[in-house]
Amino acid sequence: MVSLTDFQRIGMGLVGFGLFFILFGMLLYFDSVLLAFGNVSTTGLGFPGPEQMLVRTFTFFFQRPKLKGTSFFLGGVLIVLMRWPLLGMLLEAYGFITLFRFVLHRVPVPCELLLN
Numbered sequence: 001m002v003s004l005t006d007f008q009r010i011g012m013g014l015v016g017f018g019l020f021f022i023l024f025g026m027l028l029y030f031d032s033v034l035l036a037f038g039n040v041s042t043t044g045l046g047f048p049g050p051e052q053m054l055v056r057t058f059t060f061f062f063q064r065p066k067l068k069g070t071s072f073f074l075g076g077v078l079i080v081l082m083r084w085p086l087l088g089m090l091l092e093a094y095g096f097i098t099l100f101r102f103v104l105h106r107v108p109v110p111c112e113l114l115l116n
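If you're matching positions, the sequence shown starts at 1 in full-length UniProt numbering and goes up one per residue.
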């Protein structure tokens with residue numbers, strides 16, 4: 001069994017809750033409150049954590065080649081928080097694909113269709 005620190009456990013819990021609320025919000029026809037709660041939980045805005053985690057997150061998202069994906073993803077989060085859930089989720093999805101394009105190339109067939 002893998003040993004996790006307390007901050008990793010909190011992070012896993014937040015991501016789990018966030019994904020649950022995002023999926024539940026999508027099942028309920030893009031309920032903006034559930035989607036916003038899921039976004040806040042998943043992106044870690046609800047629990048900033050120690051300074052080292054903030055620095056790592058900042059340096060990952062705000063690298064020069066990733067600024068386009070970051071702006072679309074965070075813009076989508078803001079649009080969902082302003083209660084335009086469908087447009088916000090579309091912007092988030094595009095930002096997510098743009099941010100993690102280099103990782104998605106390693107995933108088999110379904111992601112190849114998205115990237116081409």
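Be aware that one or more of the hints could be misleading.
[Unchecked claim] Ranges between beta-carbon positions, derived for each pair:
1) L27 with R83: 12 to 20 Å
2) L27 with M82: 20 to 28 Å
3) S3 with K68: 13 to 21 Å
4) R83 with S3: 39 to 47 Å
5) S3 with L90: 24 to 32 Å
6) F102 with G75: 16 to 24 Å
7) R64 with M1: 18 to 26 Å
[Claimed, not checked] The calculated lysine to any residue pairs, modelled on SDA-like cross-linking and capped at a C-alpha distance of 20 Å, are:
8) K68 with G18
9) K68 with R56
10) K68 with L90
11) K66 with M82
12) K66 with L86
13) K66 with T98
14) K66 with L54
15) K68 with F58
16) K68 with V103
17) K68 with F37
18) K68 with L27
19) K66 with R106
20) K66 with L34
21) K68 with L87
22) K66 with R101
23) K66 with L28
24) K66 with T43
25) K68 with I97
26) K68 with T98
27) K68 with S32
28) K66 with F30
29) K68 with I79
30) K66 with W84
31) K66 with R83
32) K66 with R56
33) K68 with L78
34) K68 with D31
35) K68 with T43
36) K68 with F100
37) K66 with Y94
38) K66 with F102
Hints listed in this document are in silico derivations from the structure and should not be mistaken for laboratory results. Each residue gets a CB set at the ideal place from its N, CA and C atoms; glycine is no exception.
These are the hints, each one checked on the structure:
1. L27 with R83: 12 to 20 Å: Holds - the Cβ-Cβ distance for L27 and R83, about 18 Å, lies within 12 to 20 Å.
2. L27 with M82: 20 to 28 Å: Holds: the Cβ-Cβ distance is about 22 Å, inside 20 to 28 Å.
3. S3 with K68: 13 to 21 Å: violated (37 Å)
4. R83 with S3: 39 to 47 Å: holds (41 Å)
5. S3 with L90: 24 to 32 Å: violated (39 Å)
6. F102 with G75: 16 to 24 Å: Taking Cβ atoms as reference, F102 and G75 lie about 21 Å apart, which means the hint holds.
7. R64 with M1: 18 to 26 Å: Because 39 Å falls outside the window, the suggested range is violated.
8. K68 with G18: violated (23 Å)
9. K68 with R56: holds (18 Å)
10. K68 with L90: With a Cα-Cα distance of about 15 Å, the restraint between K68 and L90 holds, given a limit of 20 Å.
11. K66 with M82: Violated, at about 24 Å.
12. K66 with L86: violated (23 Å)
13. K66 with T98: holds (8 Å)
14. K66 with L54: holds (17 Å)
15. K68 with F58: holds (14 Å)
16. K68 with V103: holds (16 Å)
17. K68 with F37: Answer violated: K68 to F37 is near 24 Å, above 20 Å.
18. K68 with L27: Given that 20 Å is the threshold and the Cα spacing comes to 29 Å, the pair is violated.
19. K66 with R106: holds (18 Å)
20. K66 with L34: violated (27 Å)
21. K68 with L87: With Cα atoms ~17 Å apart, K68 and L87 stay inside 20 Å; holds.
22. K66 with R101: holds (10 Å)
23. K66 with L28: Outside the cut-off at roughly 32 Å; violated.
24. K66 with T43: holds (16 Å)
25. K68 with I97: Roughly 11 Å between the alpha carbons, so the hint for K68 and I97 holds.
26. K68 with T98: holds (7 Å)
27. K68 with S32: violated (24 Å)
28. K66 with F30: Roughly 27 Å between the alpha carbons, so the hint for K66 and F30 is violated.
29. K68 with I79: holds (16 Å)
30. K66 with W84: violated (24 Å)
31. K66 with R83: The given pair, whose Cα atoms are some 26 Å apart, is violated under the 20 Å limit.
32. K66 with R56: holds (14 Å)
33. K68 with L78: Given pair K68, L78 holds - Cα atoms ~15 Å apart, limit 20 Å.
34. K68 with D31: The hint is violated at about 27 Å.
35. K68 with T43: Holds, because 17 Å separates the two Cα atoms, which is no more than 20 Å.
36. K68 with F100: holds (12 Å)
37. K66 with Y94: Distance of about 12 Å is within 20 Å: holds.
38. K66 with F102: Given that 20 Å is the threshold and the Cα spacing comes to 11 Å, the pair holds.
Hints 3, 5, 7, 8, 11, 12, 17, 18, 20, 23, 27, 28, 30, 31 and 34 from the list above are not met by this structure, while the remaining hints are.
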